[in-house]
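Number of protein chains: 4
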Amino acid sequence: MQQTFRLVIDCPDQVGLVAAVSQFLAGHNATIVEASHHTDLQTGRFFMRHEIRADSLPLSLEAFRSVFSPLAEQYQMNWRLTDSHRKQKVALLASHESHCLIDLLHRWHTNELYCDIPCIIANHPHMQQFADWYNVPFHWVDFQTLGKEKAFEEIQNLLHHYQADLTVLARFMQILPNQLCEALAGKAINIHHSFLPSFAGAKPYQQAYDRGVKLIGATCHYVTSDLDEGPIIEQEVMRISHSDSAADMVRKGKNCEKQALANGVRYHLEDRVIIHQHKTVVFA
Amino acid sequence: MQQTFRLVIDCPDQVGLVAAVSQFLAGHNATIVEASHHTDLQTGRFFMRHEIRADSLPLSLEAFRSVFSPLAEQYQMNWRLTDSHRKQKVALLASHESHCLIDLLHRWHTNELYCDIPCIIANHPHMQQFADWYNVPFHWVDFQTLGKEKAFEEIQNLLHHYQADLTVLARFMQILPNQLCEALAGKAINIHHSFLPSFAGAKPYQQAYDRGVKLIGATCHYVTSDLDEGPIIEQEVMRISHSDSAADMVRKGKNCEKQALANGVRYHLEDRVIIHQHKTVVFA
Amino acid sequence: MQQTFRLVIDCPDQVGLVAAVSQFLAGHNATIVEASHHTDLQTGRFFMRHEIRADSLPLSLEAFRSVFSPLAEQYQMNWRLTDSHRKQKVALLASHESHCLIDLLHRWHTNELYCDIPCIIANHPHMQQFADWYNVPFHWVDFQTLGKEKAFEEIQNLLHHYQADLTVLARFMQILPNQLCEALAGKAINIHHSFLPSFAGAKPYQQAYDRGVKLIGATCHYVTSDLDEGPIIEQEVMRISHSDSAADMVRKGKNCEKQALANGVRYHLEDRVIIHQHKTVVFA
Amino acid sequence: MQQTFRLVIDCPDQVGLVAAVSQFLAGHNATIVEASHHTDLQTGRFFMRHEIRADSLPLSLEAFRSVFSPLAEQYQMNWRLTDSHRKQKVALLASHESHCLIDLLHRWHTNELYCDIPCIIANHPHMQQFADWYNVPFHWVDFQTLGKEKAFEEIQNLLHHYQADLTVLARFMQILPNQLCEALAGKAINIHHSFLPSFAGAKPYQQAYDRGVKLIGATCHYVTSDLDEGPIIEQEVMRISHSDSAADMVRKGKNCEKQALANGVRYHLEDRVIIHQHKTVVFA
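Line by line, the protein sequences are chains A, B, C and D. Residue numbers 381 to 664, in our numbering, belong to the letters of the first sequence in order. Residue numbers 381 to 664, in our numbering, belong to the letters of the second sequence in order. Residue numbers 381 to 664, in our numbering, belong to the letters of the third sequence in order. Residue numbers 381 to 664, in our numbering, belong to the letters of the fourth sequence in order.
Any given hint could turn out to be false.
It does not matter which identical chain is used: a pair holds within one copy or between any two.
[Said to hold, decoys possible] EDC-like mimics (lysine to aspartate or glutamate), calculated; alpha carbons at most 20 Å apart, straight line: (1) Lys634 with Asp512; (2) Lys659 with Asp628; (3) Lys659 with Asp624; (4) Lys632 with Glu414; (5) Lys659 with Asp463; (6) Lys632 with Asp545; (7) Lys583 with Asp463; (8) Lys659 with Glu534; (9) Lys632 with Glu533; (10) Lys567 with Asp435; (11) Lys632 with Asp606; (12) Lys530 with Glu477; (13) Lys528 with Asp420; (14) Lys659 with Asp590; (15) Lys632 with Glu529; (16) Lys632 with Glu650; (17) Lys469 with Asp590; (18) Lys530 with Asp390; (19) Lys530 with Asp435; (20) Lys467 with Glu533; (21) Lys659 with Asp435; (22) Lys567 with Glu442; (23) Lys632 with Glu562; (24) Lys632 with Asp522.
None of these hints come from the bench; they were simulated from the model.
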């Protein structure tokens, strides 16, 4: 994989902004591999992502950051500059359903997801097996013995210990306490098994069955303390019919869940997502 | 179009039921063009639809009905027998958006929808033009002058006058009074411009924009007195992104609306829909 | 509709290119509403589209063109600058199927397609009716009486007479002669009723039925002298099953055709398409 | 999983056929869980599948077969009666791409695919690892050392040894010799990484990239000696754009491949597929 630097910016929209940034880049001889812009006309906010060949720059990442800083300040930018070769540490949380976990592990193992997976944490011990296959440290957090509060303390300690950059709830079926949601703001991704805002909360497939919808889906979103209300990154749907039982929907919906979650995680890892208020800009 | 009779049945599931019906049909030498079955295992209800070549039967529709009647009684069937050549009368209701109206008119005009359209009723006078093109009687019901109650009285009178078998709300933006909903139970179809149950109520595209979903859609459902809660016949969705404004969604969503509504109406006209409690079986 | 100027560029990729263009724009105080970039890494070609608020510029379109010209030359740009308020003239060609024609006319009539429709030309006289409804001049070109060569001469004369900027083959079932294809290069759009390259040529739905595919579709592409081989702008597909006859496919596929064609035409009218060799870049 | 017997029939369409079968079933007190019918009006062939609760029958599978036999003969049926509890033996063939293999293994491991997997055969040794995880016997067939002829002989011996009911080519990149195709007729399923008939043959994603299509897909079909021409069971597609490189398509397309193959295999295992000439009826 060619090394790139990713410059991701959001700031108030202003004339001259793109010129200033692209002049800066040209001034350092940057070869731009991919560039995406978006102006939110309603809020007057501007979003921009550049992917730049690292070997076209005469600067290190650090040096780039420091010379770019004054420009960023001038335009009141919220910005980050990241290195595509730096692997983010992604901690996986799971419960008893393995499909999303196994899917992410395989995509990681085959380099579709470029990251490190420092640990898998689950509230069911039988997930150990999958962790062992992929040679990833496994931690069973026993919610029943510990109680919810202590259990989440342990999870938070583990995330801290492994220095997780991103936490992925791969069908983790415990509701995170507010304090943890806040600590992980913008750094925790969940998959909900419905096309939100339809069927938030428990047993969405049963809800979908009861309502008689003709489509089911899945939603990948950032975790916030408002359950199932976080900024949406990706959604998938598929067609069903009256002949599908709730159990059929559970089976079929897994395909949506896996794909929405894998896309969402990849977009995040490639710095393609910018959270703005309670929504996202995704330069997919 | 080949003439067929459509036998549509729902009843408690029982051993021997299919045998009894198919024996009856074979006994009258019926050539079956299409047959669909469904057992709802949760409620123990059975659903069946047969499409039979009319010219294979030695019986008229009326005679068929009367000889089938005892069997229907024996198995406690809720049933209907219809003639594909009998055109149902479909009244169209519209407001100021014309896309669904025009779409239905064109499909009717080119025989994709096999029915009569005895009248178009609108609360905006400029819909007259489209009615004139297709040579369909037009009635402007002026809600502002008449007031809501009188206006709906007039609509109900018109539906009665034209003996409408089916009333289609083609983006008709007035909420029907409960009494009219009940009078039209199972005989009125609406299109809602979201993938219900998401974004029920007013301005669904704005709601979708505000929530930041990555999909928009449309839902075709039977009208009930619970607004946007009627049995769903068909849904369509399409992908959007952060770059779509609420206005873009309105534009794009029209494609979903047209298609979901046209499918729903066609399924109804071809006797492919059975309402069961607040859901539908659709033998599409 | 807010007036914008659209600057569409393709040229060899070079460092400093984006900076030069955006500096130019900033220097004239341009407010950029939408900006899209693409680098084809395989051919080293760069593509860019800007949509600029006209009222933010102190220049007329003409003046803009002349001051931009030297820059364009320097970077060997293939470029155009267009005014969103200038309506392109779109001639519609049809045969005996009306669904695409009517769909385009309605989208135009409701301002979803921003253009003029100076004429409808058909090789079947019954299309007159639709032209009359929308008050568009109609020309029946009688292929049987005239013969193919004379008929196409007449069509070409009509296109010339009406100064058509774009010619849309809305299910026009005659194969254009090479000479006309070349005359209309990049300015004629066709809809083919299959997901090309599958089922090129005649009777694609019958071909699809015979092959037993589980999906059907439609392809909107530029007309070239290689039949069904022109650069693809848009494709749509939908799911079918064994229970769909070739006639069902014809009916269902119309939805794909209408949507693919309408999108393709809109992208073209909004200067979102850049043809490069035998492919397209579409800034949708 | 409730035990069912599956009665799958195809035969010339005749009046009285359904009555005869359903009377037979009712006569043995069969509770029908699912019933599907299809008449191919073009060829006059009838297709029927019944799923019957085993515990509702006073007969064993064997006894059922023998009492049903005369009826089958009378109506010239091509038929099978299978037991949902009997696990079919599914041999997996792979090369160097693991995504389809891993996907099938996980679905099997979590009981989404109800079957036995007696062996994995690959022409690349590194697939061993996945076989070991799932505790499935693994055989590396070294095409380079053995040569093609000997290698396929070994594969055929292995399939025979393990008594494979079904052979799945999970991105197995060697072309089966005609003789083996014929030996496995109707019992070998392949996944091709394009929406056939587009892009048959080698490197379909590169072909798709070169043609500039806006959709890519995958096709699950039975293996025949006509390469990529076998009866299609399932197809999946997804949208792409000019910004997707051939490598992006490879990555994205894997999602289509996995889903189309998994569906195709499940339909086959559940006796939902009837091959008729070079097409399939799939009672999904």
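Now for the hints, and whether the structure bears them out:
1. Lys634 with Asp512: neither (23 Å within a copy, 25 Å between copies)
2. Lys659 with Asp628: For Lys659 and Asp628, the Cα distance is within 20 Å only across copies (17 Å; inside one copy 31 Å).
3. Lys659 with Asp624: between (33 Å within a copy, 13 Å between copies)
4. Lys632 with Glu414: between (35 Å within a copy, 18 Å between copies)
5. Lys659 with Asp463: neither (25 Å within a copy, 32 Å between copies)
6. Lys632 with Asp545: For Lys632 and Asp545, neither the intra-copy (31 Å) nor the inter-copy (25 Å) Cα distance is at most 20 Å.
7. Lys583 with Asp463: For Lys583 and Asp463, neither the intra-copy (40 Å) nor the inter-copy (32 Å) Cα distance is at most 20 Å.
8. Lys659 with Glu534: Neither. Shortest intra-copy (30 Å) and inter-copy (45 Å) distances fail the 20 Å Cα cut-off.
9. Lys632 with Glu533: So Lys632 and Glu533 fail the 20 Å test inside a copy (35 Å) and across (38 Å) alike.
10. Lys567 with Asp435: This pair counts as neither: shortest intra-copy Cα distance 29 Å, inter-copy 41 Å.
11. Lys632 with Asp606: neither (27 Å within a copy, 30 Å between copies)
12. Lys530 with Glu477: neither (23 Å within a copy, 43 Å between copies)
13. Lys528 with Asp420: So Lys528 and Asp420 fail the 20 Å test inside a copy (41 Å) and across (39 Å) alike.
14. Lys659 with Asp590: Between. Shortest inter-copy distance 8 Å satisfies the 20 Å Cα cut-off; intra-copy 29 Å does not.
15. Lys632 with Glu529: Classified as neither: same-chain Cα gap 34 Å, cross-chain 40 Å, threshold 20 Å.
16. Lys632 with Glu650: Cα proximity of Lys632 and Glu650: across copies only (15 Å, versus 28 Å in one copy).
17. Lys469 with Asp590: The answer is neither: 40 Å in one copy and 32 Å across copies each exceed 20 Å.
18. Lys530 with Asp390: For Lys530 and Asp390, the Cα distance exceeds 20 Å both inside one copy (38 Å) and across copies (54 Å).
19. Lys530 with Asp435: neither (48 Å within a copy, 49 Å between copies)
20. Lys467 with Glu533: Neither: 26 Å inside a chain and 45 Å across chains, both beyond 20 Å.
21. Lys659 with Asp435: Neither: 34 Å inside a copy, 30 Å across copies.
22. Lys567 with Glu442: Cα proximity of Lys567 and Glu442: none, with 23 Å in one copy and 50 Å across.
23. Lys632 with Glu562: neither (33 Å within a copy, 33 Å between copies)
24. Lys632 with Asp522: neither (30 Å within a copy, 37 Å between copies)
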